[in-house]
Amino acid sequence: MKQPVIYFKNYMLRDIEVSDAKDMFEYGSDMDVVKFLSWGPYVDESEAVASIKKFFLSRPDRGLPVGYAIIDLEKNKMIGTIDIHTKVSDGVYEIGYALNKHYWGKGIMTEALRKLLEVSFWYHSFDKIVIGHAVDNVASEQVIKKNGFIFEKTDYERAYNRFTGQTDPSKWYYLTKENFKWVKSKLKEHMMYYLMNLKDGLH
Numbered sequence: 001m002k003q004p005v006i007y008f009k010n011y012m013l014r015d016i017e018v019s020d021a022k023d024m025f026e027y028g029s030d031m032d033v034v035k036f037l038s039w040g041p042y043v044d045e046s047e048a049v050a051s052i053k054k055f056f057l058s059r060p061d062r063g064l065p066v067g068y069a070i071i072d073l074e075k076n077k078m079i080g081t082i083d084i085h086t087k088v089s090d091g092v093y094e095i096g097y098a099l100n101k102h103y104w105g106k107g108i109m110t111e112a113l114r115k116l117l118e119v120s121f122w123y124h125s126f127d128k129i130v131i132g133h134a135v136d137n138v139a140s141e142q143v144i145k146k147n148g149f150i151f152e153k154t155d156y157e158r159a160y161n162r163f164t165g166q167t168d169p170s171k172w173y174y175l176t177k178e179n180f181k182w183v184k185s186k187l188k189e190h191m192m193y194y195l196m197n198l199k200d201g202l203h
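With the UniProt record's numbering, letter number 50 in the sequence shown gets 50, and the count goes up by one each step, no holes.
Treat the hints as calculated values from the structure; they're not laboratory data. Please read these numbers as outputs of a predicted model, since none were measured by experiment. A couple of the hints might just be wrong.
DMTMM-like, lysine to aspartate or glutamate: derived pairs with alpha carbons at most 20 Å apart [stated by the list, open to error]:
hint	residue 1	residue 2
1	Lys9	Glu74
2	Lys75	Glu47
3	Lys145	Glu178
4	Lys106	Glu74
5	Lys22	Glu74
6	Lys77	Glu47
7	Lys181	Glu94
8	Lys77	Asp30
9	Lys101	Asp136
10	Lys53	Asp15
11	Lys145	Asp155
12	Lys177	Glu94
13	Lys115	Asp72
14	Lys22	Asp32
15	Lys171	Glu141
16	Lys9	Glu111
17	Lys145	Asp127
18	Lys177	Asp90
19	Lys22	Glu47
20	Lys101	Asp127
21	Lys171	Asp136
22	Lys77	Glu45
23	Lys77	Asp44
24	Lys2	Asp15
25	Lys106	Glu141
26	Lys128	Glu118
27	Lys75	Glu26
28	Lys177	Asp155
29	Lys53	Glu26
30	Lys101	Asp72
31	Lys128	Glu152
32	Lys75	Glu17
Generate coordinates for the entire structure from the input sequences, incorporating the hints supplied.
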């Protein structure tokens with residue numbers, strides 16, 4: 001399943017490749033990055049290669065997109081992934097993401113998620129996207145909320161923590177195509193209001 005290449009600010013979303021393994025290993029071996037994820041930490045680059053081949057490049061066989069690598073265009077560096085990794089039911093898909101911690105707090109993942117939602121709803125014509133995060137992962141919660149996702153439930157059984165041996169609660173959200181259209185219109189209104197006020201302030 002093909003996906004378009006997407007550009008925003010100084011970044012690009014393109015299909016992940018085996019050549020991204022070196023950069024993926026950099027953040028995939030970082031406990032700060034993977035502590036809330038179902039994979040990692042990697043101990044050598046070969047694990048990143050295997051992960052890309054097994055979990056990303058095999059997805060078209062299951063009717064899923066390969067998954068996007070997030071590229072820093074100035075450094076020509078792969079800094080994370082964002083992808084549609086699971087078909088939950090007909091027209092309903094789940095998204096996940098990871099980002100090199102040196103790029104946290106810059107709004108990159110918020111914008112990358114928004115771009116993937118555009119691709120999901122308007123390119124793939126999916127009906128609904130679901131997404132979740134560990135309750136303690138406040139940063140991920142903010143990324144999700146900024147994109148207009150609607151809270152659905154707290155799941156106390158699904159998210160097994162490999163590091164503690166316990167099941168951590170996770171929060172789950174959803175967004176439909178119609179919900180997303182409304183969110184986009186509100187963002188446009190907000191931007192127009194901001195630009196009008198900025199223009200007034202220059203006089």
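Hint consistency between lysine 145 and aspartate 155 [alpha-carbon to alpha-carbon, up to 20 Å]: Status holds; Cα separation ~18 Å.
Restraint status (C-alpha distance of lysine 106 to glutamate 141 at most 20 Å): Roughly 15 Å separates the two Cα atoms, so the pair holds.
Pairwise hint evaluation, aspartate 136 against lysine 171, where the allowed Cα distance is 20 Å at most: holds, 10 Å
Restraint check for lysine 53 with aspartate 15, where alpha carbons must lie at most 20 Å apart: Given that 20 Å is the threshold and the Cα spacing comes to 12 Å, the pair holds.
Agreement of lysine 22 and glutamate 47 with the hint, judged by alpha carbon distance not exceeding 20 Å: Answer holds: lysine 22 to glutamate 47 is near 10 Å, not above 20 Å.
Agreement of lysine 106 and glutamate 74 with the hint, judged by alpha carbon distance not exceeding 20 Å: Status holds; Cα separation ~15 Å.
Given pair status - glutamate 94, lysine 177, alpha carbons within 20 Å: holds, 14 Å
Pairwise hint evaluation, aspartate 72 against lysine 115, where the allowed Cα distance is 20 Å at most: holds, 15 Å
Holds or violated: lysine 181 to glutamate 94, with C-alpha atoms at most 20 Å apart: With a Cα-Cα distance of about 19 Å, the restraint between lysine 181 and glutamate 94 holds, given a limit of 20 Å.
20 Å Cα cutoff - pair lysine 101, aspartate 72: The hint holds at about 13 Å.
Pair hint lysine 22 and aspartate 32, alpha-carbon separation not exceeding 20 Å: holds, 18 Å
Agreement of lysine 77 and glutamate 47 with the hint, judged by alpha carbon distance not exceeding 20 Å: Distance of about 19 Å is within 20 Å: holds.
Violated hints, listed in ascending order, are 2, 20 and 28; each of the other numbered hints is respected by the structure.
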